[in-house]
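Here the protein sequences come in this chain order: F and C. Quick note on this note's numbering: the first sequence kicks off at 1 and runs consecutively. Quick note on this note's numbering: the second sequence kicks off at 1001 and runs consecutively.
Worth flagging that the hints you see were computed from the coordinates, not collected in a lab. All values derive from a computational prediction rather than experimental measurement. Worth double-checking, as some hints may not be accurate.
Residues from chain F shown here face chain C by an in silico Cβ test under 10 Å; the list is partial [unchecked claim]: (1) VAL47; (2) SER49; (3) LYS61; (4) ALA196; (5) SER327; (6) GLY331.
Stretch-level coverage of chain C by chain F, calculated; a stretch enters the list once three of its residues show a Cβ under 8 Å from a Cβ in chain F [unchecked claim]: (7) 1211-1225; (8) 1321-1330; (9) 1467-1473.
Ideal Cβ positions, reconstructed from N, Cα and C, are used throughout, including at glycine.
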Amino acid sequence: MRTVSNEIESIQDPGPAPHVLRATDVNQRSEKRAEQQVAILFALSGVGSLLLIYSYVFVAKDVFIFIPVMGNQNAQQLGLGIGMAMSLFFLGMAAIHWAKTLMPETEVVNHRHEFRSSDEDREDLIKTVKEGVAGVQLGRRKLIKRSMAASMGLFALPPVLLLRDLGPLPKKLLETTNWKSGTRLVTDPGDRPILASDLEVGSVVQVLPAIAGLSEDSEHFERPLKDIAKDPVLLIRLRPEDFNLTPEKLAMTHEGIIAFSKICSHMGCAVALYEQTTKHLLCPCHQSTFDVTRGAKVIFGPAARPLPQLDITVDAEGYLIARAPFSESVGPSYWERNSQ
Amino acid sequence: MTTAEKRVSAVANYVDERTGAAGWVKKSLNKVFPDHWSFMLGEVCMYSFIILLISGTFLTLWFDPSQREVIYNGVYEPLQGLKMSAAYASTLDISFEVRGGLLMRQIHHWSALIFMAAIVAHLLRVFFTGAFRKPREFNWILGIILVTLGLVEGLFGYSLPDDLLSGTGMRITSAIIQAIPLVGTYISFFLFGGEFPGVGFIPRIFTLHVLLIPGIFLAVITIHVMLVWYQKHTQFAGPGKTEKNVVGHPILPVYMAKAGGFFFIVFGVTAFLGAVASINPVWLFGPYTPGQISAGSQPDWYMGWLDGLVRMAPPWETHAFGHTISWNILIPALIVPGILFTGMALYPFIESWITGDKREHHLLDRPRNVPNRTALGVMSITFVLITLINGGNDILAVAFDLSINQIMWFSRISVFVLPPLAFVITKRLCLSLQRADRELVLHGKETGRLVRMPSGEFVEVHEPISEQKRFILTSHEQPTPLVLEDIDSRGVRRAGKFKNKLRVRLSKAHAVAIPKVTAQELKEIENH
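Work the whole structure out from these sequences, hints included.
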């Protein structure tokens, strides 16, 4: 099928260029010098090992020395590292210098052999395999064949089943947060409830849902990390006229205070950057940008959905509370998520 | 015989009577390895792997792979009294209280970066020189398995300290897993032991990172190197070198001394970096909590291009029948890398299909002599570089005072435009280099000596190049396009009309070349 174009006459192989001897091959003084160089390299390696031992035993952990360019450096770490680097590096240099200057440098030719087995070997193999297969008699013994197939199929199930207890089933866990109707918004950190009047225009506060009975005494209460992965909310106060929202979304704000989930709707990072002037929220992971004035609408980047908005109001004492739980799952998308 | 010789021969006799190893060992020690600087790249991979095993074992002696919450009361003052996982606390202890612990952590991390860089460089060397051709296709595929494993192993490794940066990486990993249709949520819950961040992830990836994946690595590397040994190393074309031989230094003593010495040099350089160049200072990031993040979050370089792809993805999601499909995650994080790695693994078979070449190749190509392949390689590198640039768009925006949006749009457009452009330019460059080779063989090299002719004309004197050099520049085979008749040799109409047409076209593109100098041409010019 392939036509190899060697009708043209290629330039002939002239054979290797004549071998040029090294200085160390012809000059005894060079040879002697190379030998000394190798010995010096080995000695430098030894110096490195000693430096390492010295630093380990005698240099205290909290001593810092000033090295130009690098600044203050921990003396022990530097001594151990430089010692180790020297001890290894010069060992290698010595071996290579030795090989290059003093060991024989003539090149040797080996021949390649074809990988293909001989025809006899191949035929013998086929015969052996055929005989072996015939001995198993699978073609004739239908009953064995079928029962084997069935048991092998069943055999594959237990290993999968045994992994079942790796974790709980997802159920509705990704749809639920600790925000309930009436949950107070408390500062993070600090767990203090927030008066709507305390928030100035332009301010941003990170809040978490108050946990009944424990919010005043955060010393003894530990929020599970899985809750901190879903619950954080950003509270932003703008002038009410800055908003450009649908009536439903506007009704979810309170006197210019708007609350969004802090968990990015793209991959779940904390949307931590707020730009005062543009009123944009930016996720530092993949730069999805959300416009606060338009209900955290995505204006740039890979996120496909706005940040979920929390419906807020105030209770009788004037503290901010959630009027309702989140109406959708917070965080990244997943197959079972109903995003309609 | 001296006493020493007697002792050695007694031991050798003892072993050989029980194993019959003498014949094999004799043959092996006479084995020849060709010399070229680029053949060291694979060695760097193997040596970094050994360094990773040594430094990693050291770290496991103190590391506590647990998400159990502890109160830190170690020596690092800024974090004293904080709640954190035992994994993070023990990483701080390794860094501040174990003598040489920080050095080993930094050596481990640096050698991981060098390992991945060397793998990529080695892969490119093998690709551009055509070393993957028959009979080495299996080894190419093993190499693709190794680079893929390396990505996963690296990701798990830098996630273990459980600091704020690596936790963010895990959050992204869990989101990618969740995005898989049908089973994603379940896999994520089982892997993490519940809702993110779960309780089981650190101990589980620890086992994968220190036992399972290194075990697979060790097995695959062993087969990879044994195949090189058995199939013998490729060599560059040159005087005295043919497809039937291999020219170089024998294992004993020169190659062994050089390769062994080189291991210590690689280790020494890595140790030097570990001593003076700070890497992943986890104490600055603080413990992981999902509600916080550090600005400028960056993965290690070999994951950066994937992150860049994710960043540039358009905001597409499909919502239907109560389900969500996140194309903005699936395409950049799973589909595109899947296509790239599969394409890479299949490339040897694709090229051999295009050229119709089913012969063994032991002489390496110079990249310029196979313009299509070289252009394809440069095109892929361009693609990855653009995605890598976009992976650092926030850092670049700050460093060069640009807007992130500009960089993102630049990447989104150029990721489609620049790779094909790189292909065309590279192919042209290859052909120009072939032309330069032709000039060199025919007219010799420029000496810079100007001579004035009797006619008043100035000419530069050219000096002929050596016979050996001429041979090196002309010994390659120039491909001819495949010819596929519609009717085959037995007069039967060939099936697959479109497939054949495509194959002939690709083969024609592949065979583009500047005709090399023939012996005839050279003779003519010498007779002038």
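Item to complete: Taking the numbered hints from earlier one at a time, note which ones the structure violates and give those numbers from smallest to largest.
Response: 1, 2, 4, 5, 7
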